[in-house]
Amino acid sequence: MIRRASDALSFDRYMDFMNWIFCGDGRNDSALTTSYSSKLAQLDRRRFLPFTDTDGYRNIKAATEAFVMANCCIYDLETDEASYIADHVAVDLTTDPMALLTDYTKPDGFLPYLAVIRAKLVDERLKNSDIGDLRLRNKSTWPPHGTGSDPVAACYGVLREKLTCPCLHELIWSYWNEEGMLVQTINAITRRFQNMRGPLPNDPLANLEVDPLRPLNNLIWGWIQDEQHRLSVVRRNYEYDHQYGLRLAGKAVNNARTADSRSKFLEAFHTLLSTLAAFYKRDDDTTMVADGFPVLNALKEAHLILSQGAHNQFGDLPSTARIEMLMLQWILARPEFREFIPTRIMVAYPEPWMDRVDAMKKLQGWTDTSVLHFRNLAIFGEEIVLGVRYGNWNSIYEPVSAVNWARYWRPQVQGYLHAYRSVTGVDLSVDVTNARIDTTMPSVHLVKRLSEQRQRV
Numbered sequence: 008m009i010r011r012a013s014d015a016l017s018f019d020r021y022m023d024f025m026n027w028i029f030c031g032d033g034r035n036d037s038a039l040t041t042s043y044s045s046k047l048a049q050l051d052r053r054r055f056l057p058f059t060d061t062d063g064y065r066n067i068k069a070a071t072e073a074f075v076m077a078n079c080c081i082y083d084l085e086t087d088e089a090s091y092i093a094d095h096v097a098v099d100l101t102t103d104p105m106a107l108l109t110d111y112t113k114p115d116g117f118l119p120y121l122a123v124i125r126a127k128l129v130d131e132r133l134k135n136s137d138i139g140d141l142r143l144r145n146k147s148t149w150p151p152h153g154t155g156s157d158p159v160a161a162c163y164g165v166l167r168e169k170l171t172c173p174c175l176h177e178l179i180w181s182y183w184n185e186e187g188m189l190v191q192t193i194n195a196i197t198r199r200f201q202n203m204r205g206p207l208p209n210d211p212l213a214n215l216e217v218d219p220l221r222p223l224n225n226l227i228w229g230w231i232q233d234e235q236h237r238l239s240v241v242r243r244n245y246e247y248d249h250q251y252g253l254r255l256a257g258k259a260v261n262n263a264r265t266a267d268s269r270s271k272f273l274e275a276f277h278t279l280l281s282t283l284a285a286f287y288k289r290d291d292d293t294t295m296v297a298d299g300f301p302v303l304n305a306l307k308e309a310h311l312i313l314s315q316g317a318h319n320q321f322g323d324l325p326s327t328a329r330i331e332m333l334m335l336q337w338i339l340a341r342p343e344f345r346e347f348i349p350t351r352i353m354v355a356y357p358e359p360w361m362d363r364v365d366a367m368k369k370l371q372g373w374t375d376t377s378v379l380h381f382r383n384l385a386i387f388g389e390e391i392v393l394g395v396r397y398g399n400w401n402s403i404y405e406p407v408s409a410v411n412w413a414r415y416w417r418p419q420v421q422g423y424l425h426a427y428r429s430v431t432g433v434d435l436s437v438d439v440t441n442a443r444i445d446t447t448m449p450s451v452h453l454v455k456r457l458s459e460q461r462q463r464v
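Letter by letter, the sequence shown follows residues 8 to 464 of the working numbering.
Worth flagging that the hints you see were computed from the coordinates, not collected in a lab. The structure displayed is predicted, hence computed values, not measured ones. The beta-carbon is built from N, C-alpha and C at its ideal position, and this holds for glycine as well. Fair warning: there could be bad hints in the mix.
[Stated by the list, open to error] Calculated lysine to aspartate or glutamate pairs in the DMTMM-like style (CA-CA distance at most 20 Å, straight line): (1) Lys-169 / Glu-131; (2) Lys-368 / Glu-343; (3) Lys-169 / Asp-130; (4) Lys-369 / Glu-346; (5) Lys-288 / Asp-438.
[Said to hold, decoys possible] Computed Cβ-Cβ distance ranges for the label pairs, DEER-style: (6) Arg-461 / Cys-30: 41 to 47 Å; (7) Pro-222 / Ser-17: 22 to 28 Å; (8) Asn-261 / Asp-375: 22 to 28 Å.
Please model the entire structure based on the sequences and the hints provided.
Okay, here's the thing in structure tokens:
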């Protein structure tokens with residue numbers, strides 16, 4: 008499910024979706040029409056902006072929200088994924104993987120971890136609709152009026168959809184994209200768009216003059232007008248700390264006073280990654296059976312700390328940040344930017360927005376670490392953290408499940424380890440038998456490496 012949700016929310020799928028709507032690209036009609044049309048129609052009726060000449064921006068905002076909401080919960084398996092599971096984990100090859108998934112979520116369709124949470128609220132009824140599902144002008148969307156002893160019971164309870172179909176995305180995706188200077192790139196562009204001079208003596212964006220003849224001009228205008236309705240860097244930074252104990256570095260987020268920080272998460276997460284790296288080395292040795300208990304114990308610790316941060320803004324802020332950053336990527340991927348930002352054509356970036364960010368970093372004198380590594384940290388980190396969060400690890404005492412989990416997520420773990428070393432210079436895969444796990448915040452490493460980079464110039 009996690010792999011399917013991650014693929015469904017990928018930038019390539021997002022580009023296909025936006026091209027389907029705004030460019031008339033019908034090559035993916037069969038895959039897109041049924042999945043998105045109803046969600047798009049619903050949001051288009053409800054999303055409005057109180058500004059003049061921002062219809063283009065409003066359309067991409069509503070479309071992006073529909074894309075994220077339609078793809079955050081994927082609850083089935085495709086043939087190729089079923090084959091991947093059979094090849095990498097210890098399962099009965101004669102059993103249909105979909106049957107295993109159905110058995111895994113019995114009897115109510117809840118993941119085992121969420122079933123435990125539901126058992127804690129057993130005195131609360133399950134609700135099939137949320138308050139936001141009602142349309143006040145359409146009485147047919149109202150719940151049926153009861154005449155029993157408790158006619159207002161429909162107003163209270165646990166939302167069934169939150170248990171049966173949780174949104175499978177993580178805020179760590181936004182964190183690593185922000186560390187990769189995605190948000191700072193669009194901020195530099197919008198300041199120049201408003202005729203604000205940059206901090207450098209010679210403004211590197213002095214030639215950024217976006218003509219009004221093409222859609223990009225109006226999209227940037229709408230982005231600037233809607234600033235008051237988007238998440239601020241301060242608000243995102245507070246939530247990074249609340250969920251993962253991670254903080255950004257910079258003038259805008261200095262002196263942050265958080266009420267609740269997951270200060271032990273980075274240690275637990277890096278311990279898990281280090282333990283997995285050691286497990287893979289032993290697992291590759293065909294003369295021995297690798298011990299899965301260290302992996303299981305590391306999963307238990309990371310899961311416990313993660314679950315403590317799954318409150319307050321956890322339900323809405325990750326999806327809101329995802330929507331806003333996908334919009335940023337789509338805007339930066341517009342071909343008009345080639346005229347204003349000199350990019351390196353011969354570098355094969357997997358996504359078209361990435362060369363704009365790397366070019367901006369070069370122009371502004373920011374870090375010279377490629378955005379490719381930050382993008383990989385975002386994708387791989389999200390999948391790993393989701394696997395930790397939604398496993399019912401505290402009720403498991405045999406290492407088989409942990410071993411299967413480790414083998415299944417090996418490509419993501421190895422990719423994260425490589426990208427983290429490229430970004431911070433810290434190798435989490437080295438043997439730490441006689442040394443402590445690195446628990447320094449990534450932002451501290453990034454500031455240090457930027458300082459070293461500038462000293463070399």
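Of the numbered hints stated earlier in the document, which are not met by this structure? When the structure is compared with the hints, none of them turns out to be violated.
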